[in-house]
Amino acid sequence: MSEQLNVTAPVRLTDAQIRRQMISEFWFYFRQNRGAVVGLVVFVLLVLIAFLAPVLAPHSPTQQFRDALLVPPVWQEGGRSGFLLGTDAVGRDMLSRLIYGSQYSLFIGVVVVSIALVGGIVIGLLAGFFGGWVDNVIMRVMDVILAFPSLLLALVLVAVLGPGLTNAMIAIAIVYQPHFARLTRAAVMSEMKRDYVTAARVAGAGRLRLMFRTILPNCLAPLIVQATLSFSSAVLDSAALGFLGMGAQPPSPEWGTMLAEAREFILRAWWVVTFPGLAILISVLAINLTGDGLRDALDPKLKRS
Amino acid sequence: MKKLMLFASVLAMSAAAAQAKTFVYCSEASPEGFDPAPFTAGGTFDASAHPVFNRLTEFKKGTTEVEPGLAESWDVSEDGTEYTFKLRQGVKWHSNDSFTPTRDFNADDVIFSYDRQGNAENPWHQYIPGITYEYYTSMAMGDLIKSVEKIDDYTVKFTLNQPEAPFLANIAMPFASIVSKEYADALEAAGTQAEMNNTPIGTGPFKFVAYQKDAVIRYTKNPDYWGTAPIIDDLIFAITPDAAVRLQKLKAGECHLMPYPAPADIDTIKADPNLILDEQAGLNVGYLAYNTTQAPFDNPKVRKALNMAINKDAIVEAVFQGAALPAKNPIPPTMWSYNDAIEDDAYDPEAAKAMLEAEGVTGLSMKIWAMPVQRPYMPNARRTAELMQEDLSKVGVTVEIESYEWGEYLAKSMEAGRDGAVMLGWTGDNGDPDNFLSVLLSCASAGEGGANRAFWCNEEFSALLNDAKVTADPAERTALYEQAQVIFKEQAPWFTIAHSTQYVPMSNKVSGFVMSPLGDFTFDTVDIAE
Amino acid sequence: MVRFILSKLLYLVPTFIGITIIAFSFVRILPGDPVLLMAGERGVSPERHAELTALLGYDKHVVLQYFDFMGRLLQGDLGNSLVTKRPVLDEFLSLFPATVELGLCAIIIATVIGVPVGVLAAIKRGSWFDQVSMTAALVGFSMPIFWWGLLLIILFSGILGWTPVSGRISLMYYFPDVTGFMLIDSIISGQKGAFVSALRHLILPSVVLATIPLAVIARQTRSAMLEVLGEDYVRTARAKGMPQYRVIGIHALRNAMIPVVTTIGLQIGVLMAGAILTETIFSWPGIGKWMIDSISRRDYPVVQSGLLLIAALVMVVNLLVDLTYGLINPRIRIK
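Protein chains in written order, with our numbering: chain A, 1 to 305; chain B, 1 to 530; chain C, 1 to 335.
A portion of the hints provided could be inaccurate.
[Claimed, not checked] Rough simulated footprint, nothing fancy, chain B against chain C, three-plus residues with beta-carbon under 8 Å:
hint	segment
1	72 to 86
2	160 to 170
3	284 to 290
4	306 to 315
Worth flagging that the hints you see were computed from the coordinates, not collected in a lab.
Where a beta carbon is used, it is the ideal one built from N, C-alpha and C, also for glycine.
With the hints as extra help, turn the sequences into a complete structure.
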């Protein structure tokens, strides 16, 4: 059905060509933003680190060197070359734990955004497409969820489900999902009035096809921007839950959990406190930089359409 | 002229203020309330029972011995079921803005204090909706006390259903604090019963002044105190739940004394010339209780072998940072009747492996439960479980670590047929060995709702405990408890982990602080140098 | 206008009912038994357990419990804490001022710094100031504030010793609560040094709490300004030769402030979430820490009513933001 969009185009392009053109156009805008490129590079590096963790990490993240408790980083007095960033209270290598921790953060981000995105899109589509009381009920429920501060709601949800990584991810996804639902609904409602939708409907497109094939692709831009935003918030919030003892449970090397464990050493071993936080900051920053670039690159197109 | 007088009085006031000695204690938790009877947390008692109230009997400072308190003396009947207390005369109740006592402490107050806890008909039994008397109930006082009678204004007679050796220690516990009947009547007349819990009136060394929730409690010295009046004029509790923050405040001079330092900070504190560190073996034990009804843990030799496979010293070093005594008995060494002749199982993975094989146990996999919270007897259960996991893997035992949310953990660990060994501990209430052994290891407590999480029922062991409970002679009781500990060691229902050491860091200006083996913090004898 | 407000209020009713259902049902399905938690290591006999459960009303059917809960709620009774046995509302009210003081201070810091920085960055678009401030804003926006707080404590309290570690005021000062705001009460008390002491205690937590809102406000102000500066009427004003400061001060700023005010208002949710972390780190005796503690203690009535109060609060503030928005932007009202 999407060909119909291009009927007026002077040259008839194939789908693949359109896609290629769109991507190159997107890349052109994205490249303009230097920060975004830096962010993307860092992000790609993070992904690589996460995938190559078993190769990169000098030690196992949970192996305890009982003769090396709280060894400072290598450049400080008392540091050992075997432990570049020092060790924690039970003698685990900080660097290895940080490297493995990247797996958690990325995994959390991907899972949370996927659940929230899919759930939000389906709910938003339903609300926007059917309108009436369906819309009313759904949107009231979303309002209710949004009335609670997200972290507080996630905390209570985790308390209900039981502390742990999976439950933390589910809780955060549930809390984020209304944003996607609202966006989708708003986009659907504005798209519904457009000619191409009417045309498709007249042409006899089924409801599902209309929802997912015709309308959804045209609402994607704001959803992508929201998804990157949620990705970074998910990393932050899951770390916060870990810090409050409600997220990933020790001994998993999740950064927030590491920080929580390190709190009692705040006066004695700065490295166990500093590095995990820095790792969180860097990854969230990289994702946000990339997200900014994405938004800038997608925005002009939004305006033009 | 008026102005001048005002000025003079201000001057006088500020002069007095300069001399006033204010002592600041960085406490670890907000008190649940200020009525000692309905609550169970140690932090609550430090803020209510100890500064504000007294009991008929008291623990002698720094010991678990019982000495006279509001009761000057007592007689015990031949059969050990009747206690007649002679009450102290001339003991003044505190006063505050809304209450001025018209009479001294007397027998009515004693009767009221016990009756409101034990008698559901007493109007003060439920003076706040949902209030319960958990300590009174769990110490089985209701089953024990038959009646409390007033003989005259200064004589009270307690009649018990059966002889109970630890009774005098029981009534020295915080829940048995004596509250004012006259104050209760006044509150009832005014319809403000809840004030009993918000604004306490007691007979203790300090008067309650004000409480700002989760922040500060203020007390002032009780000049009419019947004992030795405190040296300091004002006592302040600065509520600081975080151990690292407490230490920071102590170092910065924002408080003078703090409880429960993080084990990691002990060395720093020792090295600081401005701080003093008092230490004492705590009245507690941390343990790993096997499920002695589950195969192969129903075999004492298997339990013994597993005990030998775990490196206890390494746990004490890594988890407690050395701030604990490796435990060999279920009761701590500061407690009377501790059997020091018992030898601990030596750490010997080779022998342990051989023993397991001899019992036909190979490829064993088990669960170890680690509680999700920090407890006074166990700073980090998860870390301990990880260490055990590694040790046991060396003798071919695969360990899976299990954890639940704290309330769930407590519930599930009590369920019969529980899979795995559970880590837990105990802190003594009244310094009596019965309070450890009967509560944690007797047949009676192995049933539903009991605290015997090994589900271990040894008839011989339980019989020794029951004999000791009705024996009045301390020497005889000691012998019985010592024998019980021998059986415990042979049967090994637990892996005894450690008795954590209690540390109390304080400013070097502080003098006169006495550590309590029961873990109480009391400040009626402290002084600070300017 | 009255109609506008009324319709908005009416709209809140179903949301509020939804909130009560969520607050109630979440808390009722929390695992862990408050009765067992109170008993601790000691354990509790089955009979006693049943007795206590009945006493607390947890033996009834959940739906009945909900109606009980609503019935009491309508009478203004939010229940009693299981831990302290005190009315939840009393506890909330005694801790609330601390959180409000912290939150207000944070939002003031965020606005006072964020708005001018955003405006300047927009005017000098592409300059080094723009780049540095917007990079800083993005770092702030990405900050795990629980870690940021720890770092500041290590630096300012630990190493430099400039600020106190925790609490709201030095214990030397003791005066009655009048407003519940330390800064104001300390002035009323007239005690020398009290105000300074309160301020010194407040500064680190409010800086930490202000971090994210500050970043959001600065970024939002900048983009709102940029948008307005590109509008026709601004260009016209410039073309007419109106001086730069007047263009910005009168036309641009006023219009750019509409979305910014909304942004500031919407930060309340962010602040509440931040307060949970900030108060935990600084042992600040406020609502956030109270909620965390109550969740871990399974203090059902407190979690339940606390959730409800906080959500209601967020709702009311959002309503106020809506109304303000309607006031400064009449177009919306007419629609």
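**Message:** Closer than 8 Å Cβ to Cβ for three or more residues is the test here. Does the segment 160 to 170 of chain C pass it with chain B?
**Reply:** holds (count 7)
**Asked** Are three or more residues of the segment 72 to 86 of chain C within 8 Å, CB to CB, of chain B?
**Response** Per the Cβ count (6), the hint holds.
**Residues of the segment 284 to 290 of chain C with Cβ under 8 Å from chain B, three needed, outcome** = holds (count 3)
**Asked** Per the coverage rule (Cβ-Cβ under 8 Å, at least three residues), is the segment 306 to 315 of chain C covered by chain B?
**Response** This one is violated; 0 residues, fewer than the three required, reach chain B with a Cβ under 8 Å.
Comparing the model with each earlier hint shows a violation of hint 4 alone; every other hint is respected.
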